[in-house]
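Respectively, the protein sequence lines represent chains A and B. Numbering follows this note's numbering, in which position 141 of the first sequence is assigned residue number 141; successive positions increment by one, without gaps. To get this note's numbering, take the position in the second sequence, counting from 1, and add 1000.
Hints listed in this document are in silico derivations from the structure and should not be mistaken for laboratory results. Some clues are possibly wrong.
Example chain A residues on the side facing chain B (calculated, C-beta under 8 Å, incomplete) [to be verified]:
no.	residue
1	310
2	311
3	362
4	412
5	416
6	420
7	456
8	462
9	463
10	473
11	522
12	525
Backbone N, C-alpha and C define an ideal beta-carbon position, used for all residues, glycine too.
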Amino acid sequence: MRSRFPGRALRGAVAVASAVALGAGLVACGGGSGSSKAGGSQGKDAVTVAFRTPNWILPISAPGFTQGENAIFGQALYRSLYQYKLDGTAQYNIDPQRSMAEPPVVSDGGRTLTITLKDNTWSDGKPVTTKDIQFWYDLVTANKDKWASYRAGGLPDNIAQWSVKDDKTFSITTKEVYNTAWFVDNQLNKITPMPEHVWDKDSATAAVSNLASTPEGAKKVFDFLTAASKDPKTYDSNELWKVNSGPWKLAKYVPNGEVTLAAQPNYSGVDKPKLAKVVLRPFTGDDAEFNVLRAGDIDYGYVPAANLSQEGYLKSKGYTVSPWYGWSVTYLQLNFNNPKTGVLFKQPYLRQSMQMLIDQPTISKVIWSGTAAPTCGPVPAKPGTNGTDAAGCVYSFDPAKAKELLESHGWQVTPDGQTTCQTPGTGPNQCGDGIAAGTALNLTVTSQTGFAATTKMFAEIKSQMAKLGIQLTIKEVPDSVAVTPACKPTEATCSWDMSFFGSQGSWYYPAFASGERLFATDAPVNLGSYSNPEADKLIEATQFSGDESALKAYNDFLAKDLPVLWMPNPVFQVSAYRAGLQGVEPQDPMNFMYFQDWSWK
Amino acid sequence: MTTLSQAVRPGTAPDQPADAAEAPVRGLWRQGLVVFCENRLALVGLGLFVLLAGICFLGPLFYHTDQVHTDLTAVHLAPGEQGNPLGTDGVGYDQLGRLMLGGQTSIIVGLAAGILATALGTLWGAVAGFVGGWADSAMMRVVDAMMSIPSLFLFMLLAAIVTPSVSMLILIIGAFAWLGPARLVRGEALTLRSREYVQAMRAMGGTGGRAVRRHIVPNAIGTVIVNATFQVADAILYVAYLSFLGLGVPPPAANWGGMLSDGLADTYSGHWWLLYPPGIAIILIVLAFNFIGDGLRDAFEVRLRRR
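Assemble the whole structure, with the sequences as input and the hints as a guide.
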């Protein structure tokens, strides 16, 4: 009698053989050159872009719909009040060309910001006025619990008075005196004018009225608009979305499929589209995208990390390969509240030792193939550059010094064995508060599946730490953030030691890279429950002090105090676009794409 | 036609006089061995397995490499460079040494999970088939229900929940791969429970447990052993699948599936030495167990024996 298994096993073997054979074929092809058919849209007035299908169109984001593709898609149709650029040339980082208003005029000791709109029109010819800003404000104020960008104490809670002076001017008076740069970059960035003269109603058949001016009415309008935004199949037919302020209009939308943007002929901004059409084409995965890119069938795509060695091949096919640096930092989160290992992380010398065992420059160069750069502190390096200069890191790679630090604090270091605490106590040469004699340095890192470079990086870090008897167990899970939440020591979910979710960067900042959401004691994304009164004070200063050195002081302190372990910061993506495509550079560190700047040579 | 002496396996019939049972039993094993040896593919399979196991378990005694510490100054060295016969991988591990280490994991997990699944399945199936009635229905519905869930999905789910390690992989794979053997043995048990010698034992006051232990399982041993070889092959592939999906044992441990996955990630880089060796090793070991299984089937299948 023959079971069902032999056939399956043989089929499995055949599958493996197929994989090897396929790989063999690809290996044979790899690195080769030769001509390919010219796909994509080169030489025409259109461009084909690898891009996930957006699934949200309303300029007020909803929880669960905050993906990057939605933000880029939204900006193409509805411009924000302010757009930012981080090259250091503009006041408050405001991009004067793309923004719909002049920079705010500050008065009342910093509490009042008066904003004047530029002369812009909607695509139906009606002017963009303060009524459209007020409409946005009314909707978010009445529906802040449904707004993804809402944080308690932030916009609109921190506004004492919102007053409209005339069609072009309005002012905001805050409850406290904020650092204007912080308020402009991290609060006003959420405002997007919305066409009140088209959207201020609660059903498709209702007439436009002043419904949103009352909280009850604003709730109805918001529900109506949200419901429409949750119905992607009607995006290209719903009259609501046909009135835009952006450089593009939606020509075609296929749910979970291709999206076509057409140049908006009535666009009133100065950055008019140079192309007639942008086709956004989604792919099922990295491999599918890369195969199409290799075949030359798209004009703009990305090179998956596993295929970075193909840069030469892509260049030979007429692509420009360019890393897209994000305004981001990458780190390994430490759980200070873990009832067992939290006491270890609370010791600065232990954090320092572990940081000194992470060879960021070499990992960035070898494992990330040069597409990552060391992170040295909470504030990202100069925008558009390759991360923080490793030489500037407070703790560079130095295993000897790390060993010395451990030994000088009462640890018996056993290379490739188990380093244990020999001298417990709170004295300067002792292990520290709460660490018992014989305590071993056994820690678990919860990391991400699906990133070959991340796996290799932790193999290297584990190897380096093992040399000093710090034993790491690497556990890869699909969603490392979900299983390593901020927690109290008594909670069952607090058993995690260290968490990594930075395979594409751990944290992307708005224009002002302050840490109130990351490293303040009560910060919403302070997953490790780091708490340091000095850090809180410095973070507060970045928000409320006008002193320009506040951000530097905050960065310098946390770079040294190590609320997390700083890790190599990978680029947002490695872009590949046809050499004839102009205007792609510089790629926006805040991850927006400005298709209107693109053109063919 | 099966005779009483042919149906009873070595040492399984204490009800028979020992000296009467021994002679034909030895003959049966010898006959089985002869039949197995006549199957050239089975011998090739056995040879392959011995060779691969030898390389993996004895090789490191003669070929010393550091498979614990990474070396970022020596990544992706081509075969032969700096004394690495099969080159190095993306973090500087010697690929030949890694192949040996990975093979150990694959073979250990494969054998242990295969044996665990076979043992569990045999026990479950034998009890269900022998007891019959509502117990059989209930036990087999459990099997049917679990079989209706794609096993790879279950493995992935569990591997994502627990921290993968060699022992955990054995448990996970073994815990779900026993369903096939359970069905097979249950079928055998249904036939065997009505045999005269089983009925005679029951008439003499033998318990159900004794019947299962001393008659049902031993008489289904041919099916069980043949199936076990395929279970091992299956388990090796499951380890490969899980590792391929990033759910295998974490570094510095290795296994062939994970190595193949890494190799495929380097497909376009021309680093063929990261792709071919683990892929070929998986194919060879799975084929080896399939050939061995075929040979054992011939050896245990009475109808295929030369009389």
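Okay, the hints, checked on the actual structure:
A distance limit of 8 Å between C-beta atoms decides the matter here; for residue 310 of chain A the minimum to chain B is near 5 Å, and the interface restraint holds. Here the hint on residue 311 of chain A is broken, as its CB sits about 10 Å from the closest CB of chain B, past 8 Å. Contact between residue 362 of chain A and chain B, as hinted, is supported at the beta carbon level, the nearest pair being about 5 Å apart and thus within 8 Å. Given the 8 Å rule on beta carbons, the hint for residue 412 of chain A is violated: about 20 Å separates it from the nearest Cβ of chain B.
Here the hint on residue 416 of chain A is kept, as its CB sits about 7 Å from the closest CB of chain B, short of 8 Å. The interface hint given for residue 420 of chain A is broken, as the beta carbon of that residue sits about 20 Å from the closest beta carbon of chain B, more than 8 Å. A cut of 8 Å between beta carbons decides the hint on residue 456 of chain A: the least distance to chain B is about 5 Å, and the hint holds. A least Cβ separation of about 7 Å between residue 462 of chain A and chain B falls short of the 8 Å threshold, and the interface hint therefore holds.
Taken as an interface hint, residue 463 of chain A checks out: its beta carbon lies about 4 Å from the nearest beta carbon of chain B, inside 8 Å. The beta carbon of residue 473 of chain A is positioned within 8 Å of a beta carbon in chain B (closest approach about 7 Å), and the interface hint is therefore held. The beta carbon of residue 522 of chain A comes no nearer than 31 Å to any beta carbon in chain B, farther than 8 Å, and the hint placing it at the interface is violated. Using the Cβ-Cβ criterion of 8 Å, the hint placing residue 525 of chain A at the interface with chain B is not satisfied: the shortest such distance is roughly 24 Å.
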